[in-house]
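Residue numbers (the numbering used here), protein chains in the order written: chain E, 1 to 293; chain R, 1001 to 1282; chain W, 2001 to 2359.
What the hints contain is simulated information worked out from the structure, not anything from laboratory work. Incorrect hints may appear among the rest.
Not the full set, but computed from the structure, chain E residues with beta-carbon under 8 Å of chain R [what the hints assert, rightly or not]: (1) 26; (2) 34; (3) 112; (4) 174; (5) 181; (6) 249.
Virtual Cβ for every residue (Gly too), placed ideally from N, Cα, C.
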Amino acid sequence: MQKRVVFRSRLLPYLLVLPQIAITVAFFFWPSYQALESSFFIEDAFGFSREWVWLENYYELFRDPGYLKSFRTTLVFGFSVAFLAMAISLILAVAANRVIKAATGYRTLLIWPYAVAPALAGVIWYFLMNPSLGIVAYWLKGIGVEWNHYVNGDQALLLVVVAAAWKQVSYNFLFFLAGLQSIPKSLIEAAAIDRAGPMRRFWSITFPLLTPTTFFLLVVNLVYAFFDTFALIHATTEGGPADATSILVFRVYNTGFIGQDYGSSAAQSVILMGMVILMTFIQFRYVERKVQY
Amino acid sequence: MVENRPILTFLTHAILIVGVLFLCFPVWMALVASTHGPGALSQSPIPLWFGDQAWENYSQLLAGGLPEAGGVPIGMMMFNSLIMALVITFGKIVISILSAYAIVYFRFPFRMGFFWMIFITLMLPVEVRILPTFDVVVKMGLLNTYAGLTIPLIASATATFLFRQFFLTIPDELVEAARIDRAGPIRFFKDILLPLSRTNIAALFIILFIYGWNQYLWPLLITTDESLYTVVMGIQRMVNSGEALPVWHYIMGTAVLAMIPPVLVVVLMQKLFVKGLVESEK
Amino acid sequence: MATLNIKSLGKTYPGGVTAVSDVNADIADGEFIVLVGPSGCGKSTILRMIAGLEGITTGDLQIGERRVNDLEPGERDIAMVFQNYALYPHMSVRGNMEYGLKNEGLPKDQIATRIAEAARTLRLEEYLDRKPAQLSGGQRQRVAMGRAIVRDPKVFLFDEPLSNLDAKLRTQLRAELKALHQRLGATFIYVTHDQVEAMSLADRIIIMNAGRVEQIGTPMDLYLRPASRFVADFIGSPAMNVVEGTVTEDRRGLLVDGSRDIRFAGEIPASAGAKVAMGIRPEHLSLDATGAAQFHLEVDFVEQLGADTVVHGKVSGTSVPLAVRLSGVQQHASGEVLELGCGADQLHLFDLSSGQRLN
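Same shape as in the complex, but just chain E (with noise of 0.2 Å):
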């Protein structure tokens, strides 16, 4: 935590912080303060006056249903998200774990979607998804499928899932790649000398060993589709149609900016903030496990 010996002097660490806690302090916990304060207010559309309601805006949140269908939204995005992502590059860094000819290849070639922004992933399938003109569409149409997700919402919800987890994939092969090589080569070799078979040996020792990448990853996977994949349902679908895609954190945007509800935007931003802090919290213990172990 620290060093032995500390520079003495009584000035220059406080002007060392304060940029950061300056920025921290104004942009940062003022906000928070004011998201909580405002969820426990009621304003009127023209902002002359506010009235102290407790929880009122909490309460009228989860006797909403647009709310609460917002809430199962967010979850099955997340998961199916988290799914996908994880799954396809799971096997793609056991695959390239496999190689050695052309290993570098292939890593450039997996990785750089990581740098393509959410917003534009979502741009890109929505055009190859167009159901009047994009490719997707019409091999789906070809199969018998009806695409349009201007009108179908499962299939909006699926057309986010899916560019969110293409950009995501990336990500998770490095860490995935990394957990597969910190996995010492001795214990696959006594495994195939134990007779185990290749699959056998994935699921009997690689996977196993592999846990504490995958609940990293589960994190962290779940915290970008809560969150940053507004951008992606913001210049796609706009949450529809009739709010098929509209995920918590859209609808923190919406509530605030296009209905002008700030005490209802507010409360949404502490629950919201709950979340966030729950799962930090949870990514922490599994960082001090992985500590020891």
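Chain E is fixed; fit chains R and W onto it per the hints.
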């Protein structure tokens, strides 16, 4: 690998090739679409190979701009993106390395308090507290300024942790030797710590540049003045252009332009990128 | 070059742990002092307090008559060589050596002269533009010394500088260090846990245990008249034999293991019935059983070292271990009983509870 089975090797390569195709195909289509005129993209199926409109499309985008997107040339949006990404990146690196230095190498009242304050920002992504943060920026009069676009995104717990982690691995004896060599805190930072952090700074630079370049929601809110639009957020105006049909060849061209800088950074500095990514998340 | 005066020096950490207490020593100009003791005894803490890397809780520290308690390390006119060398990895050998001089604001030509001189002394001329990572362990060690030498300090501090090297190199560098000390004539303070290093290098040794000084003296003082059982145990290899027992009624014998006794020619300087520990170095026992004390050794096994033979066994009829070092090659079978003796001045008697020397 442990044993040599040709079938397995074949399967391995097959899986990897399918994976590469899955990841590359969408961008391939974007590239192809951006080289066609509106005619080729009006009927299904659209072509899978390049057209001959690349020059016209890209020069129109870079210099001319589109009425649907407020008529701002994409070149200008990219310039804004670059400024935003660089300011965020440098800002984050500078304030993070300074605060990590203070926290690791000094002992002062509220040291741990500051540490936890920085730590907690991990838990407050901008999307979550968007409205009140926007209010603060409005009250400070920073709407439609580069300052408003970048400063609120500069605080970084991740970078601070990475530097702290790295500083803790530097042997204590190095500071002691420096102190015996009459180096004070500022000299030690400048002559020893900074040069030793070069690789970490470079690796972080890549991650943070991508983070900055790809910002979407924040520029969307802060910039109403079209001359400040960034490219990642500007594309949205073209897609959701209301009544008019989206002009896909321009949209895809913009998407390609918008992803070139960060993708180039990742591909060209692959080694550093992997190191930075895997280590910053530890 | 300067004297160094340590007056009732103590160090207590904020948590309440006392690392060092009441250390007194007057070190003469040009002396080679070795601080030795087991790990955690406080020897490194003293060195670090002298360097200014660790605050002084109580007492005074003077370098060349000047009180330096509150001076920064850079202002104390000392130089230090660290165990892991602590070379700046991103600087060349030259950069490492000149860093302190630059910070001091020395003119360029003087810096160049000093570095050239030190490089010649340490045979580092051809490595001046290399980075530390390109050097071998021994070379890095010499660069660390060079960094100290160029500063021309009043006092050189060494914190276990040889312990990261292999045995052969260590012996070689030990000799070089001794030669360097003679050439520079500066005051050296050297910390080690290796008693061989301490014996071979020091003018005087300060031997420490649990934060206190056990004894200060020349290597031969410590070897011939250890002030406590701890010192007796620590110095010498193989370790000194220690036989615990009770002084008999006539004060001419030691009752060991309740029954058997060891007889002495003279009187034991302790009251009858007192519990004492008696030490005899293995090399001071001989097969001539006519000395001041006689022992019967029941042989367990024999170590042939070539020049000597170390016979391990027990005091006959007891379970008290005893070893003897005999010169040349000697053959003894397990179970054989040897009659041994030693001179009166080679017997060391310590109080069993306090460990202090009695004779």
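Checked hints:
Annotation: residue 26 of chain E was flagged as interfacial toward chain R, and the flag holds, the nearest CB pair being 6 Å apart, inside 8 Å. Annotation: interface hint on residue 34 of chain E holds; nearest CB of chain R at approximately 4 Å, less than 8 Å. Against a cut-off of 8 Å between C-beta atoms, the interface hint on residue 112 of chain E holds, since the closest Cβ of chain R lies about 5 Å away. For residue 174 of chain E, the suggested interface contact is upheld, since its CB lies about 6 Å from the closest CB of chain R, less than 8 Å.
The interface hint given for residue 181 of chain E is broken, as the beta carbon of that residue sits about 10 Å from the closest beta carbon of chain R, more than 8 Å. Annotation: interface hint on residue 249 of chain E holds; nearest CB of chain R at approximately 5 Å, less than 8 Å.
Figure legend: structure checked against the earlier numbered hints; the only hint not met is number 5.
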